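Asker: Protein chains in written order, with my numbering: chain A, 1 to 138; chain B, 139 to 256.
Think of the hints as simulated: they come from the structure by calculation, not from any bench. Note that the structure is predicted; figures quoted are calculated from it, not measured. All residues carry an ideal CB built from backbone N, CA and C; glycine is no exception. Any given hint could be a false lead.
[What the hints assert, rightly or not] Here are the in silico distance ranges between beta carbons for each label pair:
#1 B/R142 / A/Q60: 44 to 50 Å
#2 B/P252 / A/G125: 31 to 37 Å
#3 A/P32 / B/Q172: 33 to 39 Å
#4 B/E171 / A/E64: 34 to 40 Å
#5 B/R253 / A/N72: 49 to 55 Å
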Amino acid sequence: MTECRTTVPSEADQLPVLAQFLLEFWSAADLPPAQSVPFEIALEEIFMNVVMHGSPAGRQGRVEVCLALVDNNLTLAVEDDGPPFDPLTVPDPDTQAPLEERRVGGLGVYFVRQMMDAVSYRRIGPRNELRMTKHVAR
Amino acid sequence: MKARVEVLDLATVVIAEGRLDFSAAAGFQAEVEQALGGSGKAPAALIIDCAGLEYVSSAGLRVFLLAARSAQRAGMWFAVCGLRQVVREVFSLSGFSQVMNVLPDRASALAQVPRKPA
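Chain A extracted, bound-state conformation (with noise of 0.2 Å):
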């Protein structure tokens, strides 16, 4: 097994930050990197989320990233210290609508649930936890 972790200040700066994390875990585990996206897309569209929803009232809020490979099943876990929130609670985007009525609101979550073979969301005292499992094929 194979476990990283990191933890940044919840501003939309550290997203490159983090992106160069999981490429470097990513090469570290020899993975092949042609699987990647579908995690780079999930940290991505979950920090954000956080950064744009989820600071605790009053001060910076922190996000902690980790990634655990098992057998070949990998693990992205996201923590933050914001108000209690789900995301998996957001309504699916309406994929089918005309062009003037699209929205880009609730995709990422969207795109997280299909692209993921499983997503858990749970509160644990003070934080939030979203665990995003995906095999990896070798």
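Given chain A, work out where chain B should sit, using these hints.
Answerer: Leaving out everything else, chain B in the frame of chain A:
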């Protein structure tokens, strides 16, 4: 990410390269708005060439949505082309492939630009 604009006789082409994530979206949107006619005369057609695009998230997709909508309002023909597998999957999951022209490459996009009668 990098973006540059080529003005052709038939169409204006925005060439998108690299990683279109949240951090890159605002800069890319500014380029696209410029291509849509921000600097003066609007083109008859706008093509976004994604052959060099390696990654797109929902923040990046938003730029395509706004561009398609602006083009539609302006009566401008609009297409995206050259989507790599990972980018095509995001377009397909979002259903955006159904509300905008998605073509295999720049040549096929240019071939479909409606010709004005002489």
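Asker: Hints first: check each against the structure and report whether it holds.
Answerer: For each hint, the structure was consulted:
At roughly 37 Å, the beta-carbon separation of B/R142 and A/Q60 lies outside the given 44 to 50 Å, and the hint is violated. With their beta carbons about 60 Å apart, B/P252 and A/G125 fall outside the hinted range of 31 to 37 Å. Separation of A/P32 from B/Q172 is about 38 Å and conforms to the stated range, judged on CB atoms against 33 to 39 Å. Distance hint for B/E171 and A/E64: a CB-CB separation of about 37 Å, consistent with the stated range 34 to 40 Å.
Taking the beta carbon of each, B/R253 and A/N72 are about 53 Å apart, inside 49 to 55 Å as hinted.
Hint check: violations occur at hints 1 and 2; the rest are consistent with the structure.
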